[in-house]
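Novice: Mapped onto the UniProt record's numbering, the consecutive letters of the sequence shown carry residue numbers 1 to 406.
Don't read these hints as lab results, they were simulated from the structure. All residues carry an ideal CB built from backbone N, CA and C; glycine is no exception. No false leads were mixed into what you were given.
Ranges between beta-carbon positions, derived for each pair:
id: 1; residue 1: Asp354; residue 2: Asn111; range: 23 to 31 Å
id: 2; residue 1: Ala137; residue 2: Ile26; range: 52 to 60 Å
id: 3; residue 1: Glu148; residue 2: Asp242; range: 34 to 42 Å
id: 4; residue 1: Gly116; residue 2: Ala260; range: 16 to 24 Å
id: 5; residue 1: Glu220; residue 2: Leu353; range: 40 to 48 Å
id: 6; residue 1: Leu374; residue 2: Arg212; range: 53 to 61 Å
id: 7; residue 1: Ala260; residue 2: Glu178; range: 28 to 36 Å
id: 8; residue 1: Leu268; residue 2: Val314; range: 42 to 50 Å
id: 9; residue 1: Gly328; residue 2: Tyr94; range: 39 to 47 Å
id: 10; residue 1: Arg182; residue 2: Ser357; range: 35 to 43 Å
id: 11; residue 1: Thr87; residue 2: Lys166; range: 39 to 47 Å
Restricting the straight-line Cα-Cα distance to at most 27 Å, the calculated cross-link-like pairs of lysine-lysine (BS3-like) are:
id: 12; residue 1: Lys200; residue 2: Lys49
id: 13; residue 1: Lys49; residue 2: Lys129
id: 14; residue 1: Lys250; residue 2: Lys124
id: 15; residue 1: Lys184; residue 2: Lys218
id: 16; residue 1: Lys88; residue 2: Lys250
id: 17; residue 1: Lys109; residue 2: Lys200
id: 18; residue 1: Lys93; residue 2: Lys67
id: 19; residue 1: Lys124; residue 2: Lys88
id: 20; residue 1: Lys352; residue 2: Lys132
id: 21; residue 1: Lys200; residue 2: Lys151
id: 22; residue 1: Lys93; residue 2: Lys49
id: 23; residue 1: Lys151; residue 2: Lys109
id: 24; residue 1: Lys88; residue 2: Lys218
id: 25; residue 1: Lys244; residue 2: Lys67
id: 26; residue 1: Lys133; residue 2: Lys352
id: 27; residue 1: Lys90; residue 2: Lys250
id: 28; residue 1: Lys132; residue 2: Lys109
id: 29; residue 1: Lys166; residue 2: Lys200
id: 30; residue 1: Lys90; residue 2: Lys132
id: 31; residue 1: Lys244; residue 2: Lys90
id: 32; residue 1: Lys166; residue 2: Lys151
id: 33; residue 1: Lys49; residue 2: Lys132
id: 34; residue 1: Lys124; residue 2: Lys166
id: 35; residue 1: Lys151; residue 2: Lys132
id: 36; residue 1: Lys244; residue 2: Lys88
id: 37; residue 1: Lys67; residue 2: Lys200
id: 38; residue 1: Lys184; residue 2: Lys132
id: 39; residue 1: Lys218; residue 2: Lys244
id: 40; residue 1: Lys67; residue 2: Lys250
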Amino acid sequence: MSFARFISSRITLKSKRTFSKLIVRIAIVGIMLGLGVMILSLAVIRGFKQEIRGKVRGFAGDVQIVKSDLNNSYENSSFIPEADLPTKLKTNKYITAINPYATKPGIIKANGEIEGVVMKGVDKNYDWKYIKKALVAGTVIDFRDSAEAMKQVMISQVTANRLRLKVGDDLIIYFIQETPRRRKLTIKGIFSIGVDEVDKTFIIGDINLIKRLNDWSKGEIGGYEVRVADFDRINSTANWIDNKLPILLKSYTVFENYPAIFEWLGLLDVNTVVMLVLMTVVAVINMISALLIMILERTAMIGMFKAMGARNWVIQKVFLYNAAYLIGIGLLLGNLLGLGLGYFQLYTHFFKLDPASYYMTFVPIQIEISDVILLNIGTLVVCLLVLIVPSMLVSRISPVKAIRFK
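Input sequences plus hints: build the corresponding full structure.
Specialist: Listed below in structure tokens is the structure:
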């Protein structure tokens, strides 16, 4: 064991001076709280972004293929796709599903109230996995009987509350077109996506109903909804799809369809950086204060070591080793605090949120071990590098004056 490590091990947390012990403990608590808050903040922000992305992607898909025209309305322009287009697109290993769909605006009339909506029509092969998770009551549309399926509809919890409807109730929808058409439908299920842009706008029905209302031919559809396995590859997959599409078709990503939501999520990354910087600054200031006080309290010891021939860097290492030990304790406690609260919330959903403001009913958590490791390493390295400067105070202490200092 080197001289610096031996001396550091003898003075670490063994000082009989009450004031330095207090400052050391405050520094440890500061690092613990700083790291704990950073771990929790990253976990919450990651969880929040994952939940919101999942809600939007779960309902709208990752890429939508529609007719390339100037139609910006809620009703798709129809087209007859090439018969082998889905098969051609599925050769991309990142594409997991391709489903036809169509949309049509309408007005619901029920219980003396009216509500404007957009029906999203899907077929029997639609991937219901996410919608089933979002079900509040009832079931998804049953396509076993095609005639009955056209009489069924799923509405959001927001729409159900506004119109005072429940599963099994009938409602009247007036579909908007040159000659409005009236249809009586039965509520098969009620869902809650948790995103206002979806819950306040969309209902789900049978695509064959929309085809019949629009007098489309058997092969016509409003578009394709494409799901991508890797969120980070949505843009590159959309570009690949564009290269495979005929000139009359165009693809749009979920980012283009819901720009406000994803721009808002992007702003969270800025908040994350600001928070990490502030927490690191707090931890560094606490450690600098503790180190300076430890150096000043041991001025006589420093003078004695200098008189015995110890170099400044050796004495500096004594205090840096001591600081590293204290930082290590703070990091250990910070990990216990951050990960403990994080996993507690992950499994219990104890801390709740207002869904009207946050799109969800509880604080979401996504813990990445790589984030925890990087935060620990980053905090340790930054603190030690910054502490080199105040440790240089050792070189300014005169042995003669220091030995007389009491």
